[in-house]
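One letter stands for each residue in the lines below.
Number of protein chains: 2
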Amino acid sequence: MKVVEKIDNVRKEVKKIKESGKSIGLVPTMGCLHYGHLSLIKTSTSECAFTVVSIFVNPSQFNDPDDYKKYPRDIKRDIELLKKEKVDLVFAPSVEEMYKEKASTYVEVKGLSDILEGKFRPGHFRGVCTVVCKLFNIVQPDRAYFGWKDAQQLIIIRKMVSDLDIPVEVKGCPTVREKDGLAASSRNVFIGDKRKESLSLYKALKRIEEMILKEGIRDTSVLLKEGKGIITKYQGIELQYLEIVNMEDLTPVKKIEGKVLVLGAIKLPSVRLIDNIIIDA
Amino acid sequence: MKVVEKIDNVRKEVKKIKESGKSIGLVPTMGCLHYGHLSLIKTSTSECAFTVVSIFVNPSQFNDPDDYKKYPRDIKRDIELLKKEKVDLVFAPSVEEMYKEKASTYVEVKGLSDILEGKFRPGHFRGVCTVVCKLFNIVQPDRAYFGWKDAQQLIIIRKMVSDLDIPVEVKGCPTVREKDGLAASSRNVFIGDKRKESLSLYKALKRIEEMILKEGIRDTSVLLKEGKGIITKYQGIELQYLEIVNMEDLTPVKKIEGKVLVLGAIKLPSVRLIDNIIIDA
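Respectively, the protein sequence lines represent chains F and X.
The numbering used here puts the first sequence at residues 6 to 286.
The numbering used here puts the second sequence at residues 6 to 286.
The shape of chain F in the complex, shown without the other chains (with noise of 0.2 angstroms):
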């Protein structure tokens, strides 16, 4: 396993790999890596004969410059890991690397950007698509694999990529949950002592899915409701958003008929968390 942090050397073992006519699989992370993480990576070594890791923690997708500052880091804990994974390259480049010349340019993908995540983190699917858009460009890959945990960003890459006609097939790879529930992620470093706390938006989305397959609720309002009113009545947790939306477009859906994604955010006082469920009624 190679582990280059210039763009220039990646496009070089990229080159040999492209002309021997492997298939390239591509796993962007933000590295303090998980078991989500590892599912992601698990999936394109077996599906690509070559696969490349990039760890890059993007401050362009940071909309608050103190989460930027505090996003848990540990790449030699990372690269030990990938060691023992069938990863080829592992890209880690410095900010510098990845943003010279004053960057100004900017990929963006309107409307799906400006709601649900990206009203609470303006900017924040810009900075996504635009540096996920430059990842494709240097790693040139045939697959990329992204986690349905970040169910918008799956969503909004896979517009990108079609609208953008970029050459990448993308994989969206199902959410790994810990035994209690909760979705694997690297900011899981700060709950802390609020575990209870920050299981209540697993709940309010398992709560819903019950409805919904079991109790034969259709009625948005209904299932809305009571998935907030699980949430709320914890102390010091600040339910953000709780929605159920349309897989395509994620507009909100009022009456259930076929797949709708139910997802969520909610702010601890460590850490802000994100979730989401598919249920297929």
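Simulated from the structure, these hints should not be mistaken for laboratory data.
There may be inaccurate statements among the hints.
[Said to hold, decoys possible] In silico BS3-like cross-links for lysine-lysine, where the CA-CA straight-line distance does not exceed 25 angstroms:
hint, chain 1, residue 1, chain 2, residue 2
1, X, Lys20, F, Lys23
2, F, Lys115, X, Lys115
3, F, Lys23, X, Lys23
4, F, Lys124, X, Lys107
5, F, Lys20, X, Lys23
6, X, Lys27, F, Lys17
7, X, Lys20, F, Lys264
8, F, Lys17, X, Lys238
9, X, Lys124, F, Lys107
10, X, Lys124, F, Lys115
11, F, Lys23, X, Lys21
12, X, Lys105, F, Lys115
13, X, Lys27, F, Lys105
14, F, Lys27, X, Lys17
15, X, Lys17, F, Lys176
16, F, Lys20, X, Lys17
17, F, Lys107, X, Lys17
18, X, Lys115, F, Lys176
19, F, Lys20, F, Lys105
20, X, Lys176, F, Lys105
21, X, Lys107, F, Lys107
22, F, Lys21, X, Lys17
23, F, Lys20, X, Lys208
24, F, Lys124, X, Lys115
25, F, Lys20, F, Lys91
26, X, Lys124, F, Lys21
27, X, Lys238, F, Lys21
28, F, Lys27, X, Lys20
29, X, Lys201, X, Lys238
30, X, Lys105, F, Lys27
31, F, Lys21, X, Lys20
32, X, Lys264, X, Lys176
33, F, Lys264, X, Lys107
34, F, Lys20, X, Lys176
35, F, Lys20, X, Lys27
36, X, Lys107, F, Lys21
37, X, Lys233, X, Lys199
38, X, Lys20, F, Lys17
Starting from the known structure of chain F, arrange chain X on it as the hints suggest.
Quick look at chain X alone, frame taken from chain F:
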């Protein structure tokens, strides 16, 4: 020479060429081909094993719907012309083929896109960058050829390619001029009986060049005053802008040292024209 309308068919052709290890050149055009385009095409065919010419009047780069509607189109004549060159593939998609599924993704170079041409044509460069990014993703060329006639466009595309790490070499080719000095442009068919007036901008550019290179004048306010005077003495011309700027970031230059770009736009009753020259003092 193959002519294809579908993105998937371009991908199939390109895949074969890529696998054979041959280099691909792309000349993006809006059709109604003239000597300027032919010079780009000849450069590509001399430098690349496989040359793709795209013909697409891109609606998203027209700020004025009327300008889009009346933009000259003559695809049959274009194809006849291209058959005489060593062009391998012509990509002539419909608007529906290029912008399906309610496209909402935009690529934008901030700053550079809002000045000079961008000030008079809001959204123009965002449309250009987005469609060029799409063409790069579809054709995956090793080199792409653009004319210096559209100097700001060329500088913006180079910035986009650098910022987004797009694996393509952007080549700028010199402006091709008619015998009287008028820069070749598809829009020249609209000049009609205003030939003398249409040449005013070129005359101003040449006079500024003479003042810099022969008379040693370095103060741009003096140069621009003289240049603007040449244009405004004609009846029925609107001078939209005439500027002397830095080649890298298009910022105004006060005192000339080294290379500068002198560029302007004029509006005749029937057509808007742009032109520029590079002067190395």
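Okay, the hints, checked on the actual structure:
1. X:Lys20 <-> F:Lys23: Roughly 12 angstroms separates the two Cα atoms, so the pair holds.
2. F:Lys115 <-> X:Lys115: Judged against 25 angstroms, a Cα distance of about 16 angstroms means the pair holds.
3. F:Lys23 <-> X:Lys23: holds, 9 angstroms
4. F:Lys124 <-> X:Lys107: holds, 22 angstroms
5. F:Lys20 <-> X:Lys23: This hinted pair holds, its Cα atoms lying about 12 angstroms apart.
6. X:Lys27 <-> F:Lys17: At roughly 18 angstroms apart (the allowed maximum being 25 angstroms), Lys17 of chain F and Lys27 of chain X satisfy the hint.
7. X:Lys20 <-> F:Lys264: Given pair Lys20 of chain X, Lys264 of chain F is violated - Cα atoms ~36 angstroms apart, limit 25 angstroms.
8. F:Lys17 <-> X:Lys238: Violated. Lys17 of chain F to Lys238 of chain X sits at ~57 angstroms, over the 25 angstroms cutoff.
9. X:Lys124 <-> F:Lys107: The given pair, whose Cα atoms are some 22 angstroms apart, holds under the 25 angstroms limit.
10. X:Lys124 <-> F:Lys115: holds, 22 angstroms
11. F:Lys23 <-> X:Lys21: With a Cα-Cα distance of about 13 angstroms, the restraint between Lys23 of chain F and Lys21 of chain X holds, given a limit of 25 angstroms.
12. X:Lys105 <-> F:Lys115: This hinted pair holds, its Cα atoms lying about 15 angstroms apart.
13. X:Lys27 <-> F:Lys105: Roughly 31 angstroms between the alpha carbons, so the hint for Lys27 of chain X and Lys105 of chain F is violated.
14. F:Lys27 <-> X:Lys17: holds, 18 angstroms
15. X:Lys17 <-> F:Lys176: Between Lys17 of chain X and Lys176 of chain F the Cα gap is close to 22 angstroms, so the pair holds against 25 angstroms.
16. F:Lys20 <-> X:Lys17: Holds: Lys20 of chain F and Lys17 of chain X sit about 20 angstroms apart, inside 25 angstroms.
17. F:Lys107 <-> X:Lys17: Violated. Lys107 of chain F to Lys17 of chain X sits at ~37 angstroms, over the 25 angstroms cutoff.
18. X:Lys115 <-> F:Lys176: Distance of about 31 angstroms is beyond 25 angstroms: violated.
19. F:Lys20 <-> F:Lys105: holds, 23 angstroms
20. X:Lys176 <-> F:Lys105: holds, 21 angstroms
21. X:Lys107 <-> F:Lys107: Not satisfied, since the Cα-Cα distance of roughly 32 angstroms exceeds 25 angstroms.
22. F:Lys21 <-> X:Lys17: Holds, at about 22 angstroms.
23. F:Lys20 <-> X:Lys208: Given that 25 angstroms is the threshold and the Cα spacing comes to 49 angstroms, the pair is violated.
24. F:Lys124 <-> X:Lys115: holds, 22 angstroms
25. F:Lys20 <-> F:Lys91: holds, 20 angstroms
26. X:Lys124 <-> F:Lys21: violated, 44 angstroms
27. X:Lys238 <-> F:Lys21: violated, 61 angstroms
28. F:Lys27 <-> X:Lys20: holds, 14 angstroms
29. X:Lys201 <-> X:Lys238: At roughly 12 angstroms apart (the allowed maximum being 25 angstroms), Lys238 of chain X and Lys201 of chain X satisfy the hint.
30. X:Lys105 <-> F:Lys27: The hint is violated at about 31 angstroms.
31. F:Lys21 <-> X:Lys20: holds, 17 angstroms
32. X:Lys264 <-> X:Lys176: Holds, because 18 angstroms separates the two Cα atoms, which is no more than 25 angstroms.
33. F:Lys264 <-> X:Lys107: This hinted pair holds, its Cα atoms lying about 21 angstroms apart.
34. F:Lys20 <-> X:Lys176: holds, 22 angstroms
35. F:Lys20 <-> X:Lys27: Cα-Cα ~14 angstroms, so holds.
36. X:Lys107 <-> F:Lys21: violated, 37 angstroms
37. X:Lys233 <-> X:Lys199: Given pair Lys233 of chain X, Lys199 of chain X holds - Cα atoms ~18 angstroms apart, limit 25 angstroms.
38. X:Lys20 <-> F:Lys17: holds, 20 angstroms
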